[in-house]
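Quick mapping for you: the protein sequence lines, in order, are chains A and B.
The numbering of the first sequence is our numbering, which starts it at 1 and goes up by one.
The numbering of the second sequence is our numbering, which starts it at 1 and goes up by one.
Keep in mind that the hints were calculated from the coordinates and are not lab data.
Please read all numbers here as calculations on a predicted model, not as lab measurements.
A portion of the hints provided could be inaccurate.
Computed list of chain A residues with no C-beta within reach of chain B, every gap over 12 Å [said to hold, decoys possible]: (1) D11; (2) L28; (3) A68.
Sample of chain A residues facing chain B (criterion: CB under 7 Å; computed from the structure) [to be verified]: (4) G32; (5) A53; (6) M54; (7) R57; (8) K115; (9) I120; (10) K122; (11) W133; (12) V134.
To spell it out: a stretch of chain B is covered by chain A in this simulated footprint if at least three of its residues, at any positions, have a beta carbon under 8 Å from a beta carbon of chain A; those stretches are [claimed, not checked]: (13) 7-17; (14) 66-78.
Glycine included, each C-beta is placed from N, C-alpha and C at the ideal position.
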Amino acid sequence: MRAALIETPIDVGALVAEVAHTANGATLVFVGTVRDVNNGRAITGMEYRAYHAMALRELSDITREAAAEFETDDIVVEHRVGTLGLGDASVAIVVAHPHRGPAYEASRYVIEQLKQRVPIWKLEHYVDGSREWVAAPIKTRETGRITAENAILPEAELR
Amino acid sequence: MTVTVLLFASYADLLGTNQLELELPIGATTDDAMDQLQALPGASRLPKHPLIAVNERYARRDHVLAAGDEVAIIPPVAGG
Numbered sequence: 001m002r003a004a005l006i007e008t009p010i011d012v013g014a015l016v017a018e019v020a021h022t023a024n025g026a027t028l029v030f031v032g033t034v035r036d037v038n039n040g041r042a043i044t045g046m047e048y049r050a051y052h053a054m055a056l057r058e059l060s061d062i063t064r065e066a067a068a069e070f071e072t073d074d075i076v077v078e079h080r081v082g083t084l085g086l087g088d089a090s091v092a093i094v095v096a097h098p099h100r101g102p103a104y105e106a107s108r109y110v111i112e113q114l115k116q117r118v119p120i121w122k123l124e125h126y127v128d129g130s131r132e133w134v135a136a137p138i139k140t141r142e143t144g145r146i147t148a149e150n151a152i153l154p155e156a157e158l159r
Numbered sequence: 001m002t003v004t005v006l007l008f009a010s011y012a013d014l015l016g017t018n019q020l021e022l023e024l025p026i027g028a029t030t031d032d033a034m035d036q037l038q039a040l041p042g043a044s045r046l047p048k049h050p051l052i053a054v055n056e057r058y059a060r061r062d063h064v065l066a067a068g069d070e071v072a073i074i075p076p077v078a079g080g
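Given the sequences, and given the hints that come with them, work out the whole structure.
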């Protein structure tokens, strides 16, 4: 089990090899990539920035939670930071498990929790040369079973 | 006591810096830190109760700060 923030391209094949064991009958790969359009605006690239120490800690916690909940240590998660081009992989989650069901669930758990808890931000670069921080919709309770305990929730969540 | 405030992404743009120090009375909470922060130029557009992490862990609004704490104001996260 491993989580990392990296500045170089993600090597998905190496991650698959990392979790390969003959006890596993299913290996699930999720790769998030930079899309060419967001909210109707054409994009040329994306810059990912992180609160590095905390992001790594949250990502490690999430990986550990998934490993415990879905009973496999064969989970590896890498999130890239820095400047990415269209189609570049920004995140990869590889889960191997004796059976496919828990592998799918663990993979889903990691990505949904990542999107709620891990302090990483995206600066989108648009074709007209402008740049904007992505303000992702906040989902706090909808997808994950575990949230930052007693966290200060954004105002929308306090109503 | 002095605490270090970290700002990220759009919040860093609003204040024109990604790090600053706040001088707070003993016993001050994260809410108190936000009140003081919001008085700074550019900070009025910060949400009143943003997500806050103290020493890399999400913290409650009434979390009591200690000298030297690292208080991070966390904009809506957008990883993945």
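Of all the hints numbered above, which does this structure not satisfy? Sort the numbers upward. none
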